[in-house]
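In case you want the letters, here they are:
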Amino acid sequence: MYQFFISNYFDLGNYNMKNMLKVERAKLNLTQEDLAKRIGVSRQTINSIEKGKYIPSTLLTLKMSRVFGVPVNSFFELTEED
Amino acid sequence: MIFTESKVCFAYSKVIFTKLSLFNQSYKKWGWIFLVPFLVLGLLCWHQEFSFSFLEINGFNNLTDELAIIGLIISLFLIGFSKVKEEDEMIYTIRAEAMRISIYINYLLIIIATLFIYDWDYLGVMAYNLFTPLLIYVSVFHFKLFRLRKL
Chain A
9 MYQFFISNYF DLGNYNMKNM LKVERAKLNL TQEDLAKRIG VSRQTINSIE
59 KGKYIPSTLL TLKMSRVFGV PVNSFFELTE ED
Chain B
5 MIFTESKVCF AYSKVIFTKL SLFNQSYKKW GWIFLVPFLV LGLLCWHQEF
55 SFSFLEINGF NNLTDELAII GLIISLFLIG FSKVKEEDEM IYTIRAEAMR
105 ISIYINYLLI IIATLFIYDW DYLGVMAYNL FTPLLIYVSV FHFKLFRLRK
155 L
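Sequence order for the protein chains is A and B. Residues in the first sequence are numbered consecutively from 9, following this note's numbering. Residues in the second sequence are numbered consecutively from 5, following this note's numbering.
Since the hints were derived computationally from the structure, they do not count as laboratory data. We put the beta carbon where it would ideally sit given N, CA and C, even for glycine. Incorrect hints may have been included.
Going by beta-carbon spacing under 7 Å, a handful of chain B positions derived as facing chain A [to be verified]:
1. E90
2. D92
3. E93
4. M94
5. L152
6. L155
SDA-like cross-link-like pairs, simulated, lysine to any residue; straight-line CA separation at most 20 Å [to be verified]:
7. B:K87 / B:Q52
8. B:K87 / A:K59
9. A:K45 / A:R74
10. A:K59 / B:W34
11. B:K89 / B:W34
12. A:K45 / B:V88
13. A:K45 / A:M25
14. A:K45 / A:N22
15. B:K89 / A:R46
16. B:K154 / B:V88
17. A:K61 / B:W34
18. B:K89 / B:G75
19. A:K71 / B:E93
20. B:K89 / B:H146
21. A:K45 / B:L138
22. B:K87 / A:R74
23. A:K71 / B:L138
24. B:K154 / A:K71
25. A:K61 / B:E90
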């Protein structure tokens, strides 16, 4: 009920979404702010994506993949829940 | 051929619509500035039967309540539908979610009011209901923005 009213809640069903954004950022030595400026969103958006609170659109994900120079699958992963 | 053209046209109009669908960022402060006087005017009009004498027409019809309703709606619109500083896709999602929640709360309140309020008092419910969807939307949206800013 709390999540229903407060956060951006997505029902992923039996799946879990992991992201390795932090790792990729560290490789390029980028802060959240830098990455946000590079792809034209706010820092809070990057923060929410890293925390798994917000699932970005395909467009935004592809922009990130361009910045990192790696395919999308290497920093977003869909795993099945046990 | 026509099909592809209409498809392109549709996509293009979608782009235009999303670009035009929000007011400029600078309109927001005007919304806040006008909200308080119109809110006070509206409440005075409804509860105290207050009216400006210069808005009287034909000797019996007073336009004060019309002014209050229109002013309140416009100022709420300016607050709720102006761009925020960094308008990105997450803000778009939050906006949509705030609208959904405001509709839920609004109709929940109507159901409760319908169960407990009768006769002429119910007219008050309907009068308030002119503004509650926008009011709840604006407050939920700004509450979410406030929480976001703390991240």
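Results for each hint:
no. : hint           : in the structure
1   : E90            : holds, 4 Å
2   : D92            : holds, 4 Å
3   : E93            : holds, 5 Å
4   : M94            : holds, 4 Å
5   : L152           : holds, 5 Å
6   : L155           : holds, 5 Å
7   : B:K87 / B:Q52  : violated, 36 Å
8   : B:K87 / A:K59  : violated, 25 Å
9   : A:K45 / A:R74  : holds, 14 Å
10  : A:K59 / B:W34  : violated, 35 Å
11  : B:K89 / B:W34  : holds, 15 Å
12  : A:K45 / B:V88  : holds, 16 Å
13  : A:K45 / A:M25  : violated, 24 Å
14  : A:K45 / A:N22  : violated, 34 Å
15  : B:K89 / A:R46  : holds, 17 Å
16  : B:K154 / B:V88 : holds, 16 Å
17  : A:K61 / B:W34  : violated, 33 Å
18  : B:K89 / B:G75  : violated, 25 Å
19  : A:K71 / B:E93  : holds, 13 Å
20  : B:K89 / B:H146 : holds, 13 Å
21  : A:K45 / B:L138 : violated, 32 Å
22  : B:K87 / A:R74  : violated, 27 Å
23  : A:K71 / B:L138 : violated, 35 Å
24  : B:K154 / A:K71 : violated, 26 Å
25  : A:K61 / B:E90  : holds, 18 Å
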